[in-house]
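Q: Please take these sequences and the hints and turn them into a complete structure.
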Amino acid sequence: MISTLVFTPSDMPGLLIQADPSISLENAANYGPVLLETALKYQINTPLRLAHFLAQTLHESGSLKYTEELASGAAYEGRKSLGNTQRGDGQRYKGRGLFQITGKFNYNRYGKFAGFDAVAHPERLATLPYAADSAGWFWAHGTPHNLNGIADKDNVVLITRLINGGHNGLASRKMRLGMAKGAIEALGAKRVQQALNAIGSYPTLLVDGDLGPRTTSIIREFQSDFLIRADGVVNAETWSRLKRD
1 MISTLVFTPS DMPGLLIQAD PSISLENAAN YGPVLLETAL KYQINTPLRL AHFLAQTLHE
61 SGSLKYTEEL ASGAAYEGRK SLGNTQRGDG QRYKGRGLFQ ITGKFNYNRY GKFAGFDAVA
121 HPERLATLPY AADSAGWFWA HGTPHNLNGI ADKDNVVLIT RLINGGHNGL ASRKMRLGMA
181 KGAIEALGAK RVQQALNAIG SYPTLLVDGD LGPRTTSIIR EFQSDFLIRA DGVVNAETWS
241 RLKRD
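My numbering puts the first residue of the sequence shown at 1, with every later residue one more than the last.
Incorrect hints may have been included.
[Stated by the list, open to error] Subject to a maximum C-alpha distance of 20 Å in a straight line, what follows is the list of computed EDC-like cross-link-like pairs (lysine to aspartate or glutamate):
#1 K243 to E37
#2 K190 to D231
#3 K243 to D231
#4 K174 to E185
#5 K181 to D210
#6 K190 to D208
#7 K181 to D11
#8 K41 to D152
#9 K181 to D154
Simulated from the structure, these hints should not be mistaken for laboratory data.
A: Okay, here's the thing in structure tokens:
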């Protein structure tokens, strides 16, 4: 089992494509490293948290194709609950970013957090790094709940409701979650196997992305050698030590 993220920015484009083969190579290259930076910034720092975050991100953005709502935003005109009190606010503050931040109220909240006037410059949320960072902000601060805690419980239904306001696209989100989990698990296992092989002090492992009994046994041996609890779980302490050797 791996309970921490073991990826580097260069891993992320390939991981995204494994999680969703419809993502273009260009978008995978552009968004991958920024999404990892965003995840770490907002404590999306376990495989399960990352899987849920990516599943929601890929659904909301149409596999990283869209960072701005296709509709005009006229439907939000006069929506005081969104802070849209002036004529044109609905279109000006329509959904932008990978999570489609919507309404002047949310633009103002995010802008204060990010350190720029998002009310004056709403278009920035449709561009990197803000398109990704605003999704991380919404994940951690945009609802009454930090979604990391809900991801820890593997509750895709509640995460969907808090992001979407309902259960729109739930089947797609569940499908994407399963694919993200599989991609993260396989690549994480390969990185651990490669790191153990690089040490050269243990039997050589086949780098197959499967944390089976042989790999787990060598993880325990490594942990024992470095006075880490020998439970076979690659946590942050184990991975930090493994990267140094």
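Q: Now, for every hint given, state plainly whether the structure supports it.
A: Here is how each hint holds up against the structure:
A hinted pair counts as satisfied when its Cα atoms are at most 20 Å apart, and K243 with E37 qualifies at roughly 19 Å. Using a Cα cut-off of 20 Å, the hinted pair K190 and D231 holds, with the two alpha carbons roughly 19 Å apart. The straight-line distance between the Cα atoms of K243 and D231 is roughly 18 Å, inside the 20 Å bound, and the hint therefore holds. A C-alpha spacing of about 16 Å is found between K174 and E185, which places the hinted pair at or below 20 Å, so the restraint holds.
Taken as a hint, the K181 and D210 pair is honoured in the structure, with Cα atoms around 13 Å apart against an allowance of 20 Å. At roughly 6 Å between alpha-carbon atoms, K190 and D208 fall within 20 Å of each other, so this suggested pair holds. For the proposed pair K181 and D11, the alpha carbon gap of about 15 Å is at most 20 Å, so the pair holds. Of the pairs offered as hints, the one joining K41 and D152 holds, with about 17 Å between alpha carbons and a cut-off of 20 Å not exceeded.
At most 20 Å may separate the alpha-carbon atoms for a hinted pair to count; K181 and D154 meet this at roughly 11 Å.
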